[in-house]
Amino acid sequence: MSATAAATEIREFQVEIPQKKIDDLRRRIAATRWPSKELVDDRSQGVQLAALKALADYWASEYDFGRIEERLNALPQFTTEIDGVEIHFIHVRSQHEDALPLIMTHGWPGSVIELLDSIGPLTDPTAYGGSADDAFDLVLPSLPGYGFSGEPAEVGWYTGRVAEAWAELMGRLGYTRYVAQGGDQGAAVTDDLAHQGPEGLIGVHLNLLRSALGTTEGLPAGSEQERAALEEIKTFRTSGFGYFLEQSTRPQTIGYSLLDSPVGLAGWMLDHDTDSYYKIAGAFVDGKPTGGLTRDHVLDNITFYWLTATGASAARSYWEGGRAAAQAAGKAPPPVTVPVGFTTFPGEIFRAPRSWAEQVYPTLTYFHEADRGGHFAAWEEPELFSEELRAAFGSLRNGRTS
Amino acid sequence: MSSTVESATEIRPFHAEIAQEEVDDLRLRLAATRWPDKETVGDASQGVPLAKLKELVAYWATDYDWRKGEARLNALPQFMTEIDGLDIHFIHARSSHEDALPLIVTHGWPGSVFELLKIVEPLTEPSDGQEAFHLVIPSLPGYGFSGRPEEPGWNPDRIGRAWDTLMKRLGYDEYVAQGGDWGAVVTEAMGRQAPAGLRAIHVNLPASVPPDVEAALNGTGPVPEMTEEERAAFDGLAASRKTGFFGYFIALTSRPQDIGYGVTDSPAGLAAFFFWHPGFAAWSFGADPNDPKPKDEVLDDISLYWLTNTAASSGRLYWEHGGVFPTSAAGLKVAEITVPVGVTVFGEDGFRPPESWTRRAYPTLNYVHATEKGGHFAAWEQPELFADEIRATFKEVRT
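Top line first, the protein sequences correspond to chains A and B. Numbering-wise (this note's numbering), the first sequence opens with residue 1 and increments by one. Numbering-wise (this note's numbering), the second sequence opens with residue 1 and increments by one.
Check the hints yourself; a few may be wrong.
Mimicking SDA-like on lysine to any residue, the simulated pairs with C-alpha atoms at most 25 Å apart in a straight line are [to be verified]: (1) A:37 x B:153; (2) B:68 x B:290; (3) B:333 x B:322; (4) B:38 x A:154; (5) B:54 x B:44; (6) B:54 x A:154; (7) B:242 x A:239; (8) B:242 x A:20; (9) A:53 x A:40; (10) B:38 x A:81; (11) B:295 x B:75; (12) A:20 x B:26; (13) A:20 x B:25; (14) A:37 x B:86; (15) B:333 x B:174.
Hints are computed from structural coordinates only; laboratory data are not their basis.
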């Protein structure tokens, strides 16, 4: 076998976490040195001490560190080298023959963990109140620098390059007609993929309107809904932007804390957006989880970042994003020609109105405002999320069979 | 025995003595640092390079001796007194000259009283014939050995009022004030408050950026007409904002607690975070023997934050200030200052506003000078030059 063939080989993958790594993590959590309490009664100074202490208590005393191995190894996992980086992915084929291949991309501070509970409803719809016609063959890759994917050792792995790698991955898996989905960083990758329009990609679904976070210039602002969305973006930019700016400009700087302090990592990851923060804090402080955002699920994700030691490399994806945006300034990407579906979840950083999605994506074929769910929609409401994907991609299946 | 009220306003001698187990714990944590992979660039554009930080942490964990730093502090008369419900730590070095002018000097972030130790001698006991000062160097609330506020509200205005209380409590009815970084913001607040007896102020991080320039920098206004010198300063500011120069400022302003957890639990994380600050941007990590900030002195400063567990509480001052840039004339309302103002722009500081901006900003400006040497931590880097600037700016106050 030639070296090239070996590199493009798809190898089975199993998670194995050495016990000494878990022991070290436990020891570090127990030895946490805490700052003084914030001076306010809400989260306006950041993650509240009581919430993070409750998380650390549960983490050190009740959380089962075998969960990650157990949950991931129950699924078919693989690695393959693409463009010089080892890519880890979960690949679950549906038992239904005409299933539609779907590549779904997680975000930050998420990981493949946030997508695990949507695997059942998407690949095995008949067990979740759907029909065989709703089935997907599912590919869930870990972004470069995240989880068990390799860490790029060179600059240039911005979301556009990841999108090219995803097209290569789907081709390598033998999928000639497929769809793609993403929120957060996954929305950026999927948006890039849609603009690139590789052969075989027949549609995308997004649950974050990426471009509006960059600029709202030219977006309609007349209706109440449009003004509310603008206001939400403004709030994010003035008070919720710290992590974004930090990671876009000095990922290595925050990286030292994220690698050396489990509680520092947890605190940093908990403060993504107001809605998800309060939901997660509620799970730990009041014992009231919202949907799938349970204590165990949240800690699965944080523990995953810790054990794979990817706090810095994941943060670096924002730096790559900033660099790519600066280089692309003034250059319009090729237009999206494939059909686009969009779901607005009510707890998202901003609730993108239909008019915005239509303007950003002239090929919009599906738009819906969900009743529940936030930034981590697939994680929080996996069944509702899966219904959105079924609805968004339904017409593409019909196109195929007619 | 004195009453409660009296004992609260009492001035108590203070001696720094960190428990040995705290010092040992710091060493253990440094030795157990879990490192990220190397940055993917060949420079500092993603943050502190791994190799540099590893080298510094190795030294910090082994050869560095906190007790020497502590001894530098304890060589000076230190005190504690409660003001407005909070314990305030301060160094109080009286000159042997009876007619010395009382001066309160305030440090900034990520500095501390350590950055000001080298000006004590030249200011209190100057060479023959030069003016002397009685020097008061407090630790900001939430910094070093001062108490950590437990309620919101300790903003620069409130600190400024506390400083006036301190000076009066020390019996100084007439005095001057000086500061750089946060110290400049506090000192300018005092200038606006103009309490009885405050004769003049001097700052080395002037709020000189005019409102129209600030608006252009924020993208909320057109770029105004400027001279060549002003345009160069404007371009420098615009470029630095784009490259994340001030990212730590935004992060601490919006959610200080988030950064706080990591830097309270990881000393390597704390050091890395501090080196984001422009004052350390050109620092050679102790590799340059001519560097005015030797490794041990920088580690004294960082160790002080660690050992007093004030990494999170110090960051809250940014939150209290609400995101107003310390360089903004309108933001700091420096036009409302009624006492005489002196400004020194040190030539190696990252922020060097043109004199024309400074003149527009401060109506009561009576001294402005640009030096060649000295950076953001001018008192630390060039103590003699710094002392000369202080003497020059406050000369008229004495007559």
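Cross-check of the supplied hints:
no.: 1; hint: A:37 x B:153; result: holds, 15 Å
no.: 2; hint: B:68 x B:290; result: holds, 21 Å
no.: 3; hint: B:333 x B:322; result: holds, 14 Å
no.: 4; hint: B:38 x A:154; result: holds, 10 Å
no.: 5; hint: B:54 x B:44; result: holds, 14 Å
no.: 6; hint: B:54 x A:154; result: holds, 21 Å
no.: 7; hint: B:242 x A:239; result: holds, 18 Å
no.: 8; hint: B:242 x A:20; result: violated, 43 Å
no.: 9; hint: A:53 x A:40; result: holds, 16 Å
no.: 10; hint: B:38 x A:81; result: holds, 21 Å
no.: 11; hint: B:295 x B:75; result: holds, 20 Å
no.: 12; hint: A:20 x B:26; result: holds, 23 Å
no.: 13; hint: A:20 x B:25; result: holds, 22 Å
no.: 14; hint: A:37 x B:86; result: holds, 16 Å
no.: 15; hint: B:333 x B:174; result: holds, 24 Å
Going through the hint list in order, the structure does not satisfy hint 8, though it satisfies all others.
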